[in-house]
Structures are given as C-alpha cells and as structure tokens.
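Please build the complex by placing chain B on the supplied structure of chain A, with the hints as guidance.
In order, the protein sequence lines correspond to chains A and B. Take the first sequence: its letter number 337 is residue 337 in this note's numbering, and every next letter is one higher. Take the second sequence: its letter number 315 is residue 315 in this note's numbering, and every next letter is one higher.
It cannot be assumed that every hint is accurate.
Copies of the same chain look alike in the list, so a pair counts if it fits in one copy or across any two.
[Unchecked claim] Straight-line distance between alpha carbons at most 25 Å, and here's what the computed DMTMM-like set of lysine to aspartate or glutamate pairs gives:
| # | residue 1 | residue 2 |
| --- | --- | --- |
| 1 | Lys200 | Glu116 |
| 2 | Lys520 | Glu508 |
| 3 | Lys280 | Asp129 |
| 4 | Lys54 | Glu435 |
| 5 | Lys310 | Glu122 |
| 6 | Lys310 | Glu343 |
| 7 | Lys520 | Glu435 |
| 8 | Lys414 | Glu116 |
| 9 | Lys280 | Glu435 |
| 10 | Lys54 | Glu122 |
| 11 | Lys520 | Asp503 |
| 12 | Lys485 | Glu122 |
Derived from the structure by calculation, the hints contain no laboratory data.
There are 2 protein chains.
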Amino acid sequence: MTGKNYIGSSLSAMGRTTYKTFNPQLNLENPTTFTEATAEEINEAVQLASSAYKVFGTMSGAIKALFLNTIADEILALGDTLIETFCSESGLPEGRAIGERGRTLGQLRSFAELIEEGSWVEASIDTADPSRTPLPKPDLRKMMIPLGPVVVFGASNFPLAYSTAGGDTAAALAAGCPVIVKSHPMHSGTGELIASAIIKAAIATAMPNGVFSNLNSRGIEVGQQLVNHPGVKAVGFTGSIRGGRALFDLAAKREEPIPVFAEMGSINPVVILPKALQNKGESLARTYANSITLGTGQFCTNPGLLLGIKNEALTGFISDLAHEIVKIEPSCMLHPNIVGAYESNKQKVVAQPGLTVVANYEMAVQANYARQVVTTVEGKTFLENSTLHQEVFGPFSMVVQCDDADQLENIISKLEGQLTGTLIADAGEAKEYPELIKALQNRVGRIIFNGVPTGVEVCASMVHGGPYPASTDSRFTAVGINSIKRWVRPFSYQDWPNELLPDELKNENPLGISRWLNNKQTNSKI
Amino acid sequence: MTGKNYIGSSLSAMGRTTYKTFNPQLNLENPTTFTEATAEEINEAVQLASSAYKVFGTMSGAIKALFLNTIADEILALGDTLIETFCSESGLPEGRAIGERGRTLGQLRSFAELIEEGSWVEASIDTADPSRTPLPKPDLRKMMIPLGPVVVFGASNFPLAYSTAGGDTAAALAAGCPVIVKSHPMHSGTGELIASAIIKAAIATAMPNGVFSNLNSRGIEVGQQLVNHPGVKAVGFTGSIRGGRALFDLAAKREEPIPVFAEMGSINPVVILPKALQNKGESLARTYANSITLGTGQFCTNPGLLLGIKNEALTGFISDLAHEIVKIEPSCMLHPNIVGAYESNKQKVVAQPGLTVVANYEMAVQANYARQVVTTVEGKTFLENSTLHQEVFGPFSMVVQCDDADQLENIISKLEGQLTGTLIADAGEAKEYPELIKALQNRVGRIIFNGVPTGVEVCASMVHGGPYPASTDSRFTAVGINSIKRWVRPFSYQDWPNELLPDELKNENPLGISRWLNNKQTNSKI
Chain A
1 MTGKNYIGSS LSAMGRTTYK TFNPQLNLEN PTTFTEATAE EINEAVQLAS SAYKVFGTMS
61 GAIKALFLNT IADEILALGD TLIETFCSES GLPEGRAIGE RGRTLGQLRS FAELIEEGSW
121 VEASIDTADP SRTPLPKPDL RKMMIPLGPV VVFGASNFPL AYSTAGGDTA AALAAGCPVI
181 VKSHPMHSGT GELIASAIIK AAIATAMPNG VFSNLNSRGI EVGQQLVNHP GVKAVGFTGS
241 IRGGRALFDL AAKREEPIPV FAEMGSINPV VILPKALQNK GESLARTYAN SITLGTGQFC
301 TNPGLLLGIK NEALTGFISD LAHEIVKIEP SCMLHPNIVG AYESNKQKVV AQPGLTVVAN
361 YEMAVQANYA RQVVTTVEGK TFLENSTLHQ EVFGPFSMVV QCDDADQLEN IISKLEGQLT
421 GTLIADAGEA KEYPELIKAL QNRVGRIIFN GVPTGVEVCA SMVHGGPYPA STDSRFTAVG
481 INSIKRWVRP FSYQDWPNEL LPDELKNENP LGISRWLNNK QTNSKI
Chain B
1 MTGKNYIGSS LSAMGRTTYK TFNPQLNLEN PTTFTEATAE EINEAVQLAS SAYKVFGTMS
61 GAIKALFLNT IADEILALGD TLIETFCSES GLPEGRAIGE RGRTLGQLRS FAELIEEGSW
121 VEASIDTADP SRTPLPKPDL RKMMIPLGPV VVFGASNFPL AYSTAGGDTA AALAAGCPVI
181 VKSHPMHSGT GELIASAIIK AAIATAMPNG VFSNLNSRGI EVGQQLVNHP GVKAVGFTGS
241 IRGGRALFDL AAKREEPIPV FAEMGSINPV VILPKALQNK GESLARTYAN SITLGTGQFC
301 TNPGLLLGIK NEALTGFISD LAHEIVKIEP SCMLHPNIVG AYESNKQKVV AQPGLTVVAN
361 YEMAVQANYA RQVVTTVEGK TFLENSTLHQ EVFGPFSMVV QCDDADQLEN IISKLEGQLT
421 GTLIADAGEA KEYPELIKAL QNRVGRIIFN GVPTGVEVCA SMVHGGPYPA STDSRFTAVG
481 INSIKRWVRP FSYQDWPNEL LPDELKNENP LGISRWLNNK QTNSKI
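Next up, chain A with everything else stripped away, as it sits in the complex (with noise of 0.2 Å):
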C-alpha cells in the first residue's frame, strides 16, 4: 500500500493534502497516509483517458472481456490482504467482505459474458433500394458506441461492489469507455488495492496506457475538478442526493453538458394491508426488524418507510417490530462521520412533534455502533411535514398510521421518487387496490410482492433507479447487464463500405450476433 494515485500506470503522489483512513471497529485511524491527487494529476489522468478511448473504443467485445476476466483474477489474487483491508476501512464483518468481493467478481464476469457475446450493441441494418421512387432508399446500419471517458464515484456503503471496480467501473470498461474512480476517502487502501489488480490485468492484457485510472481525495474538490473537464464525458456516482445533485447540477452547467447517472437516496415505502397484517403480522415483525438493521441500515434499499391502515393489527405490529428489533445487536457503521450525520438526522427527525419513538435501543454500544430505533407517526401528521419524508441513512424505521386506503394512497403518490416500493398483501387481497398500487409504481423503479426491499439481486431484469431523486435519470438502471447503456450512443452509418464497417455490422456477421436485418431479428448474414 503506498498510498499514492493511479495516474494510468504510473504511481503519483504530487500533491501535499494528506488524509488516512479509519477503523471505526477500534475507532482508531489506519496506518497509511494517501495523498489527494493534483489539478495536473487531474488533468494527465484525463488526458491519458482521451487517448486510451481512441484505441479501446474500438477493441473488439473478446478482448475487453479478457481484460474484465482477468481484473476479476485479480482482485481473487489479492487474497486476505483486501479482505482484512476492507474490514478495518469499514467496519464491516468478513462474510460481508467476502460476500461483496463475489458480487464484485460476478459484476467483472458477467459484462465480460455480455460483451464477449457482442449482441448487446442493438446492431440494426436496415439494406438500401436504390430502385425506390421518389428517393432511392440508402443502406443504413446502427450500433452503440461508447461515450468516452467516464468518472466513477466510488460509494461509502459498497467499498467493492460500488467503488473502484464495481457495476459502474465494470459497465463503462465493457462499453469500452476508459474510467477515471474517484476513490472514496473512507476506504482509499481498499480502492488502491482493487486499482492495482485493474493495473497489473490491463498491463497483462495490453490495454493502453490511461484505461483506468485513481484519484485519492479527501474533499469535494478532486470531484468537481473532473466533473468539469472538457475530456470528461459522463459521471456515475453512487451516495447522498446533496452529493449526487451536486455532480448533476455542475455537469449540467458545463459548456458541454455531459450525462450524470446518480444513485441517491431512498426511503423505500413498504404498504401493508389490512389483511396481510392480520394473518402474519408477527413474522412480518421478524422479517422487518432484521430488513431495516441489515447491514446497520447502511444499503440505498433498507426500509424506512412503513405504511398501514390504523387498526389493532397495526397497533399489534408496531408493538412486535419494536420488540424484535431490540433484539437484534447493533452494529459498527462505516465511519464515525456517518455515525455522526445518523444520531443528527435522528435527532431531527424524533424532535418533529407528533412522532412518537416505539422502540430505541437503549444499552450502552462500542464507539461507531449504532442504535436501532423504529418511530410511529398518524398519516397527517406525515402528510403536513416534510421532515418526515427524508431518509436517515442508518438503522432507523417509521410507521406511518393512515386513516383509510385513499389517505394511504394520497401519502404513497406525495413522496419522492424511490428506488424501490413494497407490497405486503394477502392472496387475492391486492386486487382489491389497484389504484393504490398505481400509485406506488410511480414513484419507484421497483416494486415488490410480499418480500423486502434489501437485497438487490444482479440480472438483466432488475432495476436499480427510479424517480428522481431515487436516481438522476430513471431511464437507466445502475445495477444489472443493462447498466452498460448508461455509457453508450446510438451510431450509424449510411452507405458505408463492407470493409470498413466494424465487425458487429459487416454483411458476413462475422461475431454471429443477433441484428435487426430489415426490422427482423436474425444471427443470419446478409
């Protein structure tokens, strides 16, 4: 570990702002010293991205996967020494480490098996008809291109599966779009571990100099910088929606706006109805009280938004979550500084008149830790404040007591955009709300059926985005295959010579990948 940025391949360490990081496990800082990176550290790592984009803009899908392949070889490589590193930056527990470093590895391979196939590039051919009247008909033919250059945030919460080579890293390579990580100051030894692996797998497979590089950075500034940088071409950010619209609305005010995909914040609405409540109220208790802790409340999809019809099933289920989750161990979170926002978010919120705390985790915890607490509040008094509506990032859940479905309804369709929606109905019993349903739709990117929000499943069918301020721009999902279209543009070229087109659009169908030919899917030549 040496602290230093990744400008490309060189190792650099020019500038003289210094930070650690730290261990809120034993509340104490980690040993090495990493260096912010420079404005002309900056600029070289953007410059060498330029260049790159020019020759692996254009590799072909096999080499790009090799490239991510053996990435995922070597972050295995790096053994327990990122394991143990990710546990001290983090505070988090190995199996978790272990368990993200899987889903890591999965990401890497899994764009790698995409790209590898070629199909994804929607290649489309439509062959021309010289003899057409009025207008003799031209050949055209279409596939996606990548943007350029992409800076990546790296997330507090996913130090490997958001971070340095995490889904967003790992679809803007596939793309075939050189990325610049903007490591995160909580946990820059684990993401200058994972930026080794990146190094030595694109010297291995002979990427050129510049398809990735890391920034340290303690501030806001190394961020800013790079968000504005004529080279710079989009930005994938995973973390607070004041941080997140921060980048969006920089990128927004260049000379050449560039995309922002931001994944911000969520409260994640769960609506129970009347009957469910009735017939499994308790194990719901259970289930809820293990889904708002996981992970000390720290994923984007923790519920913290539970929504019912006032009743006795109600009452009884406030009263046997509160008692569940003060079951449940509190646990480290990632950085006193979060620790810090959770308790001052808290406070704000319990401090709202007419809430009332039903179950606070009172015994004494280590330094870092952090104590669970589940609120109740009427559905007006929700409706009236808006206070209310906004995430405590942390271990902390609110139930909100409607009067009826349509109060229930109205709440669901003034909340903010999410990431997710949850519905816990008895057989037959949603039916019966097909408005209410509608409702929460719309305002989230996913919905689910008698589950929970937290645990976002890797496949070509999720999304993970929704409604602003759930995400920057629904039209994307960052999680998932599909996230490569975040990082890429339609291009087409009319009456281009056979030889010159690229592979995935010659006549001959050389990677046999499936096109649209004349508005028909086929693997077929022309």
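Relative to the frame of chain A, chain B by itself:
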C-alpha cells in the same frame, strides 16, 4: 380555424395576447388571430395530462396503435385545407407539403406497428430459484413504462413532421405518454388543424381527455411555464442551440430535474479526400450545390462545411461549386425573422478576416427569398476563429482549404458535436485515413459515405442526434422507432403475482412478444 388552444378536447382562448401567422411568399399576414395560452390554461392542460397518464400509460399497444393510426387517417382527411395552410404559413411549395405529410403519416403508422407488435418494451424475465444458496433467488421481471406527460415544442422548419403530430409526439404517444404541444408561432394554423385531427382521433378511440393538448404561444413564456411545471416529466425540442439550451437549463434547475431531448444546430462537415476530388469534382459540385440549397438551406442536415486539402483540384471544385450554386433559383424562407437571422449571421461570418466569398447570388429576389452564398477560408484561419464554426441557418456553405491531412484531422477534432459527417472518397482511398475517420466519428451521430447529409431516412437504423450541441443527450435518436426510448424508463416487478402483472410479463406471454427469459431471447411462454 378558430385560433384557440386545445386544452384536452376543449377549445379555449382565455388570454389577451394574440398574434397572426405570416405568408412569406405573399409577404402578408394570414387572417386567423391566435390567442396565446394563459398560465391557467397551461396548468389545466398539465393537470389533464397527469390524470390521462393514469389511464393512457397502461393501455395496451393495440389500443394505442388504433389511436395513432386514426390520427393518421384524420390528418389525411383534412385534405387540401391542410396543404394550403401549410404552404401559406411556411412559404414551402405544395410538393414539400405533401411529402412532409406523407412522412408524418408514415411515422405515426410505423410507431403504431411497433407498439401493436409489442416487443419494443424490452421485456426481461429472470425466474426464481428458491433453492439457491446462500440466498434464494427472487423472480424478477422488467419492462419499459412511460415517463408521464411530455411537452413537445413544434419546429419551425418541419411544420408537420417535427411539430404537432410529428416524430416527438408520435413517439411519446406510442410510449404511453400524454403530450402537450407548444405550437410553433410561425405555423399555428397548421398546428391547430393537426391538433383537431388528434383530438378527433382521441375521441373516436375513447382516449382519456388530456391525452393531448395544443397551446398557442408567441413568445417564450408558455414554453418556460410548461418546462417548469412539476407535472411535466420530459421535453422534446427541435430548433436553435440557444432555444434548446435554455430549455435544458430550465429543466436541469427544477427541484425534480427532467430529461430534455433537444435536437439543435449542426454544420454537418463533409470531408472530400484528394483522389475523389480529382476524379469526380465536377459532379460533386453539382450534387453539393443542390444539397446546400435544399429546402432553402433550412434542414438540420444541410452541409455547411466542406473540408478538403489545398491543391489545384480543390481550387477547381470551389470554382465549379460557385458556378453551379448561382445557377439555382433562390427560394423562399419560412418567415421574415428567419430571413433576417440568415442575413445577419451571413454578414457576421463574411466579415471575418481571411474569408473569401466565392459565390453570391446577386440578382434581385422577391421579399423573403434567400440568396445562396459559398465562402472559402484557409485551414489555419478556420482553426483560429470559432465564429467560423457557427451554423448559418440557410443556403450557406464554407469550403475550408487545409494544408494537409493532419490539419484536416485537427480541424475535425476541434469541431463541436454534429448530427452528421460525410466522407467523399475514391475506391480504396478511405482505408488510408483511419485516424481521420475516427476523429469524424467521434464528433457526429451519423457518418455518410459518398453521399449528402440531407435526406434523413426514417428507419430503425437511423441516428438523428449526436454529441452536444447536435443534441442535448447523444444517448438517444430523434428519428426512427428507437426514438421511443427517450420517453420510457425500465421498471422491475419482484415476485409479483402472475395475474397482476402486465400482459407483457405474464407467464403465458399472451401477446406472443419476444422477451429475454433467463438471458435467452424467446417468444415462448414460461
């Protein structure tokens, strides 16, 4: 013709601001008085659209297709009145009116075909695996759903094909988004006629009221209010860089930012390689004289920039082009304002040091007719003066004489984003310039071999869009069936009961569409 707004199916004219359209051929105002929409009317149109979305957004493809096809029928039923109004408000000839109507009907019918077939929703199903360890795999199913009410700005240069029932409107309605058109003030009569056809079709096919509204406006306020309205979820615009950027900026500053797809200016560079120039310079001069002046230079794809390497053949080509272009009869522009802008932009460019005017139609012309101009400049001069890179909307072009291929490539790489780039090359010649072609590709959305950029084929393989400022989001096309993707977002159902799923995602695949089932494409049921 009433001069009123359509607020849903109701004609309304509550405002006091009125205006008339103008016949540029006769240099006279047209008789109808149009009333600009008021803030109240705008709000009512958006409210109606939001209510309509709840119903329209989940209607079947077959019903929406019937609506689109009925719109096409009703437009055709407007008969000569439409053609005459089009001509009287645009100065364009009858043949163009009929051609553009054909294009408009073709677009509506091709979207109808797309949604009736139904596979466009990109349905994807990953089935559950309850026995997976460590965690069971949930059932996930994804498809595209409409964003919500869309505002479409009519384009001055396409009163039919990119205005009231043009490409943006057809794509948004096909997607399931209600549309509010901000009618273009230069052709509000054409707009009202088309709006009446849409409203008739909406009533005949039992669409919810508010699925379509048409608002008159003379200035920028109506458009600004629409883009700022919280009920509006996306915007489509075709027009100037200034106008498109202003809307983009407004939308980005909203509390909930929304996507703006603006297709803006382009000078459509044409690179003429030396051998091709040697062998076909003369016919090329004729072809380009026609392409530069096509539609009085009022297409987004007219070639405003021709790039060659300085030699005798290029000198000869410039003289041939000058000779050919003055043979063409000047034609009428859309409006005195557009003539005024053409004249002042032309003067501004022509006044730049180092620029030579080589062709200038000098004979007297009718009022509102535009005189074509061709200019030439050295590569170095062009590189140093960004004023020369700006679009002059009208029959204007510039030939840049480059010192060598390196300078030519450098010039291309310094251009702003463009809709198209064209390469004129002899057999085998293109192969010698791979870097130059890459540079051109990097700046454009569509690349043409040995043709002209004018003529935008409506087909699945067309890309009309490109790096900023060709469009505000290069990840989408404005022309062709894939333009529907601008108005939709992916949505995911987890463990959702089969009977409550939309038909597109049900086990039995009742629509028989092509879906991804566990990463394989198939039309079969589960």
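Exercise. Provide an ascending list of the numbers of those earlier hints which the structure does not satisfy.
Key: 5, 6, 7 and 8
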